[in-house]
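Here is what each chain is made of, one letter per residue.
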Amino acid sequence: MVYSSLLFIYGFLPASLLIYHLTPVKFREAVLLMLSMVFCGMTSLYFFIFISVYSLINYSFANIIEKLHKNEKLAAVPLAAGIIIDLTAAFAFRTEYFSWLHRILKAPESFYPVGIAFFTLSAVGTLIDVYKGKIRPGKHIIRFLLYIMFFPRLIMGPLLRYGVFTKILDNRRESFTATGVGMTVFIKGLAKKVIAADNLYMLFAAAHADNEGSISAATAWLGITAYVFCLYFTLSGFADMGTGIAYCFGLKFPQSFNYPLLSTRIRYFASRWHSQFVQWIRRYVTKPLYSICPRKWMREIIFVFGWALFCFWYTVSLNGIICGALMGIVLIIENHLLNNKIMNFTGMVYTFLVVVVCAVFLSGSSPSASLRYLLAMIGGNGVFVDSQALYLFKSYIVLLLVSMYASTDLFRNLMMRSHRNKVKTVIVIVSPVVLMALLLICTSLISYNGSSEMLLMKL
Amino acid sequence: MNKLISKITAVVTLSFIFLFGLLTFLGSKKEYSVDENRHLEGLHEISAEEMYDGSTSRQLEKYMADHFWGRSRWMIAKAAMQTELSESIVNGVYVSSERLLTADPGYTEAGNVSSDADIINSFSKEYDGMVYFAAVPTSAGIYGDIIPSHYVRKTESQRITELYDMFGNDIRRIDTYNILKMLKDSYIYYRNDTKWTVYGAYCVYKTVIQKLGFQPTSYDKFNIEHVTNEFRGNLYNRTLSKRPQADIMDIFYYPDGAGIVSCSCILEDGSVAEGSIYNRDMLKTGDMYSMYLGKPVPVMKIRTSAKNDMKLLVVRDSFADCFIPFLTQHYSEITVISPLEMEGDISDYINVGEYGQTLFLFGIDSLGGEADPVSKFGELYFS
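Chains as they are written, first to last, in our numbering: chain A, 1 to 459; chain B, 1 to 383.
Please note: incorrect hints may appear among the correct ones.
Stated by the list, open to error - Cut-off 16 Å, straight-line C-alpha distance, at most; resulting in silico cross-link-like pairs (EDC-like, lysine to aspartate or glutamate): (1) Lys184/B <-> Glu98/B; (2) Lys106/A <-> Glu50/B; (3) Lys167/A <-> Asp129/A; (4) Lys211/B <-> Asp175/B; (5) Lys284/B <-> Glu230/B; (6) Lys106/A <-> Glu49/B; (7) Lys26/A <-> Asp170/A; (8) Lys394/A <-> Glu84/B; (9) Lys3/B <-> Glu174/A; (10) Lys106/A <-> Asp53/B; (11) Lys29/B <-> Glu41/B; (12) Lys376/B <-> Asp118/B; (13) Lys242/B <-> Glu36/B; (14) Lys62/B <-> Glu453/A; (15) Lys26/A <-> Glu174/A; (16) Lys67/A <-> Asp129/A; (17) Lys134/A <-> Glu66/A; (18) Lys252/A <-> Glu29/A; (19) Lys132/A <-> Glu72/A; (20) Lys7/B <-> Glu174/A; (21) Lys301/B <-> Asp348/B.
Hints in this document: simulated from the structure, not taken from any laboratory.
Model the full assembly from the supplied sequences, consistent with the hints where possible.
Structure (structure tokens):
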């Protein structure tokens with residue numbers, strides 16, 4: 001079950017909100033855990049068993065580490081064991097080399113634990129934090145299980161540290177206003193996914209229908225632009241839906257995406273794209289490595305490595321590594337060269353070009369296919385514009401322009417700058433109507449299949 | 001101000017969600033959708049195994065989608081919006097004001113037809129009579145050039161050729177594709193369905209019947225009745241888009257020709273029932289196309305007043321339904337079998353050896369797919 005399905009929006013969500021708000025306040029965390037378990041069970045019973053066992057193993061390791069924390073060397077043993085188990089689980093299901101393990105684990109055919117890319121990182125981060133003595137899950141088994149299984153976080157939800165998650169739980173404030181804000185964010189995310197991402201995916205698929213050795217330059221550009229926006233709207237759409245649902249339960253999650261596309265610098269892009277995930281890499285991988293490498297060039301290599309790891313985690317392939325390394329290298333070059341101010345527009349174009357080149361690698365099936373695609377983009381196939389490109393341009397231009405506008409912070413800035421003027425009042429007043437309209441559009445777009453399950457990449 | 005608006009948002013959206021959730025769960029459930037002409041998902045008994053691998057949750061999602069309150073209206077709205085948002089492709093169907101066409105993307109692998117060819121070849125070796133095979137393109141195969149190039153079903157004519165090339169020399173192939181392609185400006189395919197019209201079937205009949213050893217009945221000898229001009233077929237069922245005009249369904253009568261003496265059907269449970277060549281009651285249902293030959297049954301035996309003792313066996317899918325009536329002029333007995341409706345062994349139903357000629361007539365889209373009538377025929381015959 002994904003958030004963008006009729007069963008979730010019109011079945012699970014209202015039922016869980018009702019149950020949650022009817023429960024006495026002190027039992028509400030337990031109810032959230034129960035609801036999350038039902039959510040996992042509704043995906044499949046196997047997934048429920050898998051994630052329960054996974055959480056309990058991590059909880060046990062966290063406890064063992066906590067008990068041994070006075071003896072650092074001894075505590076490192078369960079830490080290493082826990083991390084190895086977590087990473088093995090992630091690679092077992094995200095790569096194709098572990099079919100023997102699937103048989104041992106009796107996994108149903110084509111089983112994929114949704115969200116494993118993220119809950120693995122959560123679990124690993126928590127074990128490290130416990131080892132460092134920063135947090136003590138101790139007897140809070142409900143909170144720990146909830147941390148791994150919490151359903152608004154499960155599918156590409158924001159990647160939070162355990163400490164941050166418990167603080168959010170401590171500051172839980174249910175209110176009718178929060179529910180309203182939550183529904184607003186949820187519907188915004190739903191629209192990003194169903195209206196923008198799904199249709200952009202059609203454009204991406206259409207451009208990739210032919211071999212990259214024969215498409216025209218214009219088609220290649222349309223295809224990769226669609227991919228960049230589709231990726232953004234899929235990831236941020238799911239993150240928004242998760243954040244919105246959490247809001248309805250009175251939990252304030254931070255946002256993961258801060259309008260990264262069409263930034264004026266690559267470094268702005270990098271700090272706004274999937275920020276929780278970037279911070280995770282910085283905190284648990286690159287920062288500890290910096291401390292043992294004092295020289296600048298070594299740090300720069302680590303920096304590039306961090307980015308390579310970041311993109312590798314999206315695709316679990318060589319292409320991801322290339323994409324990330326490119327991004328890292330460009331960031332370093334930018335730091336060295338681009339201290340002077342440049343025009344916003346120039347900056348935007350250059351940033352977008354870098355992002356597009358990275359995206360070619362992220363979307364490609366192999367490095368050579370991606371290189372051929374890059375060649376096609378500069379007209380290497382000898383065709384610049386063909387009838388297919390014109391047809392696709394005509395069919396999708398409105399969607400592309402609207403998506404571009406929606407991916408910038410222009411609208412938000414308009415709202416922030418226009419204090420107490422009439423425009424803002426009108427926009428605020430009509431917002432419930434707009435949201436209702438978006439909900440209606442999304443419902444009808446998923447009415448035929450009952451859900452919109454395109455995830456672009458398995459995370 | 002903002003707080004008030006948030007509260008209003010909560011009330012409006014949640015009451016809508018609760019209302020539609022309740023209407024869906026408490027509302028009356030239909031088993032069959034007239035608009036989509038299909039049976040809707042029912043609630044299954046829950047088994048541990050299905051829960052384990054997640055099929056229960058998939059069924060539940062499908063159940064929710066099928067019985068979502070006002071499903072048809074939501075779908076109509078979807079068709080209208082989808083064409084504005086992106087290409088004119090709705091639920092895998094190309095929508096234009098001229099016609100609807102299947103637009104399965106060219107990049108999905110079409111099923112392999114070689115196993116089908118093997119089955120027909122081995123059948124032909126064991127069978128004493130003559131085997132004829134007609135693979136008919138769908139409307140997308142004939143009118144594919146109006147679909148954007150990356151959706152073009154370039155494979156439909158290629159697949160027919162591929163299949164025919166694999167047949168042994170003793171099998172008579174009928175080149176339906178070129179006959180129909182030449183006549184593409186005539187009303188040979190429905191605008192809202194993948195299948196041919198009666199006129200399209202007639203054009204192919206003229207060739208088929210000569211191969212079978214008869215002279216075709218000429219067009220001017222038929223009285224043509226327009227039974228309805230409100231037909232919307234399987235492509236409409238998938239999109240609920242009314243952009244193209246509704247279709248006309250015809251019946252070709254040949255007053256001076258042989259009449260139908262009897263028409264009996266063997267049903268799935270083995271019982272025998274009276275059938276008919278034209279079942280006008282079906283025009284009042286969502287499945288208008290079944291006016292031709294009625295609902296599919298495993299076996300239909302048609303006896304005619306044709307003065308010879310020629311017997312023909314037709315192995316069919318839905319493409320054959322409007323084609324069979326033309327054959328009744330020439331044979332005293334025609335037996336029509338639908339492999340997909342049959343269970344067990346073919347000899348439980350009929351003795352294939354009694355028939356001097358066997359005609360296989362299928363839409364090319366159903367070969368090599370999931371519900372493949374030829375591979376089912378192979379199972380029934382060689383079991």
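Results for each hint:
no., hint, verdict
1, Lys184/B <-> Glu98/B, "holds, 13 Å"
2, Lys106/A <-> Glu50/B, "holds, 14 Å"
3, Lys167/A <-> Asp129/A, "holds, 15 Å"
4, Lys211/B <-> Asp175/B, "holds, 11 Å"
5, Lys284/B <-> Glu230/B, "holds, 11 Å"
6, Lys106/A <-> Glu49/B, "holds, 12 Å"
7, Lys26/A <-> Asp170/A, "holds, 12 Å"
8, Lys394/A <-> Glu84/B, "holds, 11 Å"
9, Lys3/B <-> Glu174/A, "holds, 14 Å"
10, Lys106/A <-> Asp53/B, "holds, 10 Å"
11, Lys29/B <-> Glu41/B, "holds, 10 Å"
12, Lys376/B <-> Asp118/B, "holds, 13 Å"
13, Lys242/B <-> Glu36/B, "holds, 13 Å"
14, Lys62/B <-> Glu453/A, "holds, 13 Å"
15, Lys26/A <-> Glu174/A, "holds, 13 Å"
16, Lys67/A <-> Asp129/A, "holds, 14 Å"
17, Lys134/A <-> Glu66/A, "holds, 10 Å"
18, Lys252/A <-> Glu29/A, "holds, 15 Å"
19, Lys132/A <-> Glu72/A, "holds, 9 Å"
20, Lys7/B <-> Glu174/A, "holds, 13 Å"
21, Lys301/B <-> Asp348/B, "holds, 15 Å"
Violated hints for the displayed structure: none, as all numbered hints are satisfied.
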